[in-house]
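Got chain A; can you put chain B on it based on the hints?
The residues making up each chain are set out below.
There are 2 protein chains.
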Amino acid sequence: MAKKYVYFFGNGKAEGSADMRELLGGKGANIAEMTNLGIPVPAGFTITTEACNYFMKNNETYPPGLEAEVKDHLKKLEDAMGRKFSDSEDPLLVSVRSGAPASMPGMMDTVLNLGLNENAIEGLIKRTNNPRFAYDSYRRFIQMYGHVVLSINPGLFDEKLWGKKEQLGVKQDNAIGVDDLKQLIAEYKSIVKRETGAPFPELPEEQLWGAISAVFKSWNNKRAISYRRLHNIPEHWGTGVNVQAMVFGNMGDDCATGVAFTRDPATGEKRFFGEYLPNAQGEDVVAGIRTPLPISEEERKKGTRAGQKTDASLELRMPEAYKELVDIYQKLERHYKDMQDIEFTIQESKLWMLQTRNGKRTGRAAIRIAIDMVEEGLIDEKEAITRVDPDQLEQLLHPMLDPGVDQKPLAKGLPASPGAACGRAAFTVDEALRITGSGEKVVLVRVETSPEDIDGMKAAEAILTARGGMTSHAAVVARGMGKCCVVGCTDLHIDTASGTFKLGSERFEVGSYLTLDGTSGGVYAGKLPLVDPVLDEYYHRFMKWVDKHRKLRVRANADTPADAKKAREFGAEGIGLARTEHMFFKEDRIPVVREMILASNKEERLAALNKILPMQREDFVGVFEAMNGLPVTVRLLDPPLHEFLPKSEKEIAAVAKQMDRPVEEVRNTVESLHEFNPMLGHRGCRLGVTYPEIYEMQARAILEGACDARSAGVDVMPEIMIPLVGTKAELAIMREMIERVAEVILKDRGMEIPYLIGTMIEVPRAAVCADQIAEVADFFSFGTNDLTQMAYGYSRDDSGKFLNAYIEEGILPKDPFETLDADGVGELVRIAVEKGRKVNKMLKLGICGEHGGDPESVHFCSRVGLDYVSCSPFRVPVARLAAARAALLKSDSPELEISRSA
Amino acid sequence: MAKKYVYFFGNGKAEGSADMRELLGGKGANIAEMTNLGIPVPAGFTITTEACNYFMKNNETYPPGLEAEVKDHLKKLEDAMGRKFSDSEDPLLVSVRSGAPASMPGMMDTVLNLGLNENAIEGLIKRTNNPRFAYDSYRRFIQMYGHVVLSINPGLFDEKLWGKKEQLGVKQDNAIGVDDLKQLIAEYKSIVKRETGAPFPELPEEQLWGAISAVFKSWNNKRAISYRRLHNIPEHWGTGVNVQAMVFGNMGDDCATGVAFTRDPATGEKRFFGEYLPNAQGEDVVAGIRTPLPISEEERKKGTRAGQKTDASLELRMPEAYKELVDIYQKLERHYKDMQDIEFTIQESKLWMLQTRNGKRTGRAAIRIAIDMVEEGLIDEKEAITRVDPDQLEQLLHPMLDPGVDQKPLAKGLPASPGAACGRAAFTVDEALRITGSGEKVVLVRVETSPEDIDGMKAAEAILTARGGMTSHAAVVARGMGKCCVVGCTDLHIDTASGTFKLGSERFEVGSYLTLDGTSGGVYAGKLPLVDPVLDEYYHRFMKWVDKHRKLRVRANADTPADAKKAREFGAEGIGLARTEHMFFKEDRIPVVREMILASNKEERLAALNKILPMQREDFVGVFEAMNGLPVTVRLLDPPLHEFLPKSEKEIAAVAKQMDRPVEEVRNTVESLHEFNPMLGHRGCRLGVTYPEIYEMQARAILEGACDARSAGVDVMPEIMIPLVGTKAELAIMREMIERVAEVILKDRGMEIPYLIGTMIEVPRAAVCADQIAEVADFFSFGTNDLTQMAYGYSRDDSGKFLNAYIEEGILPKDPFETLDADGVGELVRIAVEKGRKVNKMLKLGICGEHGGDPESVHFCSRVGLDYVSCSPFRVPVARLAAARAALLKSDSPELEISRSA
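Protein sequence lines correspond, in order, to chains A and B. Residue numbering for the first sequence follows my numbering, starting at 1 and increasing by one per position. Residue numbering for the second sequence follows my numbering, starting at 903 and increasing by one per position.
If we strip away everything but chain A, and leave its shape as in the complex, we get (with noise of 0.2 Å):
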């Protein structure tokens, strides 16, 4: 028997299903499996995805016996919809679509209408009464046609389109006139016999081969080619073909269009939930040229969103169409088992269902809609969590722009930090100060922070930077603080000295209002209305099903005892990373730090690190305190010295002054500390190595933090965590130091307090000798952020300059920045993770880079076998459903990697 190339739907039968995916594309065997289900779907056929690969391997041929089979498929269709090719009464229609077995951009996307031409624009003007809609479908199907499937420069018909609109002085396309469409539909006619030779196929059959060929062509143009290659996804796939009837709902008072879901997308309220317009095409809905109107009587009488009332329900102007589309569309929640988002048209009283698919939502709703199939029997507990998106989850958190407000950025960022402000824009920390004083709120707008804008980015609602990635600076400090941040938005341009800035091509004076969105990125002009935080009962008893079914401990980054309450209200359960240069920023500190730094000999340095001391030991006595009964790792000092001295004369000057030294000595230090390359600098334990008596006053602080919260009775589990360790040795040096320390202090208090002392792996070759670091190591935590600068040897705050544009490009799937690149910094940390178990089973593995709050890669750190993530207090609730879906996936990895390159 001949192959099988062709898979026939209609009539509430399909040849093909769901599980055909592979064979007929993911659109075919979607059609398939809604036509088996007894929905009346408008009948087609499905050409396989081996015909496709024949096509391809036979040099552009068909598969013997394939045009008989498509011949005898378009008669079942003819027959199934009762309408002929080219008849003049009553033409059939066609839409041609590629589908893939995965869903693939670069390909032939849809030919409609299909099949007009001089006969069948008969047929369509009489059974639409429509003659300005039927030549203006023929206009738009040569364009398309010509376009995707005749190769033919769009420009050269757009040149025709617009020349017409001139010379009639319109501005929109439909107030052109039946006379004029058919001028055009002449003029495109003859640039399609000029461009290609031959004069535009006026056979339906010949029209859909071309269609046909054109799809399996598309397979191998460059746009797929590359991003298969980037994707992964195997040549010999190929794709399938979807020909499926046209259906029209305006062709009269008997004919409809609509969108529905099948619960309430904004709260997840169960009720049928769309819109739909009477004697209307699908675009009509969407376009929003004429409103639409609500689908049920329920509906209608609480009234549309936009609060008119209206008096025309579908339930109530077709009650009996109405009807089965109720019917369906419970049918099709519980075949999917979730909300759908549902399209429609009914023709002549036929309702003809065009697609369905899972409903997008909001958080609120998905939280919602997961508790009640629960409770509707629907679906398990493990399979509500996997129904909330963990960034979903994020929108809960912070305030929202209202989702009613339609205005456009002004321009686009980067999405820092979730949730929107708005407030005064201020350039500096002074006018920041200066207008919350006077009761206003503020917008930080800058170039890029620094951590002497602290002050400013505490007092502002949010932060708004014109440089900088992910991981900058202010992306870092506003997540911490749970404040919307939008950064690297290159469309601000800053004027300091006059006093304004540019947002694109508007101009605004410092204290105009802003909005901003740090969920999108967006910017707008003015205030506009926001909406709070919901943190109702379902999302409470939502996550207690997180936390039931997770893994994965969550803690947080936290560098003071506020940081550290709120981590603990968001559910942290110790905290993963306290930055203690943080605390030398402040303002009562930085004086003291900066006599430290000037020190001109270590008798000098050990007077200054005396008066830090106390300070130190009180954060961490409060952070202790905060903390009872948790774990709390405490970061020893990383940033190179240079960063807490100023850097332009103004500011030397003036710290020279306030410290009452020289100018020139000031500035001397702060020349001798330059580095050429920082990030890979005098930093982190190497400060550590050259000047022991800083992380020893360190030590010293957290143990006698320690000691005093222990006194108090408080529960304290110190971790003290040593930056950028690379060698075993310098691991092993810090580690005497401490233990040396350590012993006095307890000693002198009589007490045992059990702590451990571990390193960041940040430095890739931390990674690849984990096994000799983790003899001298109780615990390892992932600086992921580090580790993938280092790794890509990508700056973070210079990457700017390449990063979109390798995003754009494809050559980076994500910016590696946010979710970490399983492949490579991913690899280095599944080798420290083996390495370092292998010698030290007692290790304790964590990860404290911003990657700890991205759902991909909390995925990632369970999938390597990590025991905690730590993220910003913000980020907790996010991490916990994150490390809960990785749960329930573990022992299915391999879907994750589908659904990532899908």
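None of these hints come from the bench; they were simulated from the model. One or more hints might be untrue.
No farther apart than 27 Å at their CA atoms in a straight line, the calculated lysine-lysine pairs in the DSSO-like style are these [unchecked claim]:
#	chain 1	residue 1	chain 2	residue 2
1	B	K1549	A	K650
2	B	K1737	A	K838
3	B	K1649	A	K222
4	A	K835	B	K1740
5	A	K801	B	K1504
6	B	K1740	A	K838
7	B	K1062	A	K747
8	A	K650	B	K1552
9	A	K602	B	K1404
10	A	K835	B	K1404
Quick look at chain B alone, frame taken from chain A:
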């Protein structure tokens, strides 16, 4: 039978032998070996490492039977030497030394003259007839024993000594007379009493047990533990203790002491060569207070090294002892099959051998000795190759400081590029050119160099910088030019304003003469005499053997036809790295390069690139011609574009004027290209991706150049190398582009030129993702400079601030920029080799980092299976030798590991 803990040697027989190193320690095993050869060695015994282990494990008690065994052996020793402890006529004195299986600093070294007490001192005076010597020995013994065995602060003794000298108004120890020495001895003893609560031990047996126990304990002192931890020496090895009779060369005219080499250590000539002093101690020969006399008559007739004739050779003065010494040295050379450095003492006409070891020699001597010994049948060719250290070979290739000159350097820096040179100091390129213009030689003295200094570096004989490490710009460029260079000279302070500089505390004017030794890092004032390199017939013969036995190919890093020719002369088998950017800095090109960078759009950029194209093409034709028949790897543009732009306001203004552009515009470009961490910035293939037209021009220049060269009859083998690749996609895109360019050019020319496209592996991610990258690479070239920077997170420009401290504290065994870090960076290389070869069997593997010319690193490259190493032309012979040695050792790599940790 009880365990044997003590091994005797003496009277021509030893219980131990050379292969008992683990039990007896290195020193004990060697003395035993000498004794067994029938060489007269002062008798003694070795206490085993097992005894030490017992002692440590058993709460510092001796193993049962040890005390009796030592007592027995002491008796044997007294018999063998015919002397007794505490004898007031002829006392036995012994030395006590530690000796572990591996050489290990930090442990107890030596106690000499043990056995001295109130009786023995009388005997010593009688025997030496030299009361001053005897009392001084006693004083030294008490101080040494007090410090090393009794742990008394040696400063306490020194204070007394200084006090005495002050009181006497003398400066030298040897100006203190007998009575004062007696008084000092009494004071020393009372210090011991006060500090230990017990009198200084009078009984030699008690002294001996104190010393034995001190040696055992020193195994666990802090420095020794740290050393073992850093060098992976097992704790359980323990140390042996060597107790050996003292002999004296200062007992009268029938006594003498001397040192000798069995061949001439400067030239390798086969003749006995040495110095002695009659009636003297060993220290006297070394201390240089008395002028040593020649050993042989032959030598006496030639005159000593200092040119003075003398009439008292040992041969003449003590013919019998001399004859015995000649027999012994010949026996030792035959036994050890290598030139020996021997120490001897003649006591009352009896010859005693104190030490023999392989003698140090110059490179020239090493080669000559190796070749002569092959001819003498002592060793074979393979062994000969292992006898010449690659670093010794280096000496032959450059001018050296005249070894006869005995001057201390004023300052020291890192020995960045070997050889010695002198010239007048110049601070700037202009000054340098002015000086060379007037026919004088110049040394370029700078804080650091940048690509703009190239012309000055070319003009200079040598380069001296205050900053930078072994792979700084100055170091790399100087090595490429084979020019003497000292970098990171922290004692150099340049004051451009006054036109002076300081070396340590001495100030010099610009134009002063300096002499640099790039082999040692020494910087000298004035014009010291140099000796020119000699590549004699021995060298050429030796290098033939070397090439016969090596497997690794050796290429050179060379950017110009002149360098390429030089490289070929030194035996390079291809070019492993031609850096196109060095060509960009030429005076006639930099304006066009700047035009390209300042271009405001792609058209302008293309116009500038079109001007560069013919220049680059000419460069490549020249290089291809020089390397006719050998492969040439060309790396496309690597540095960030801002490296080609001016930095200071003044330079910016100059460039703006030269280019006829507004200063503002040039400044804006400079600012917009500024990077915080240029090492991790917009460079390498990131430029190729964002400005494909640059790489396209370069690919065109290479391939057109190859065609031109081929037309001229040259056999071309171009290899195009993409720098800084981190992902497969980057290389795939670049490869596609180059192949497109190549197809057009080769079709145009109607030529078929095989070419390769490959990548640097210099980003850690590339190493761990090498399997992916190898799918689109013909070759990998490990860029271990950048790989080291990124694997460790050390900026080579900044690491000077801590790297020296790291090496001094033993955190790093060596500068990882000089010798490849096998554990970390090497592991990344190993991973990449393994993963790369797995998917691409034909993958060609090489290294082009500075490590390619470092012998230890060449060994690593051989172990890991690379095909070739590439280094600067002047290092090629060194790399060839290292490669041969590696091939000979390859089957035996553990040995290499041990020799490294020893």
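What are the numbers of the hints the structure violates, in ascending order?
Hints 7 and 10 are the ones this structure does not satisfy, whereas the remaining hints hold.
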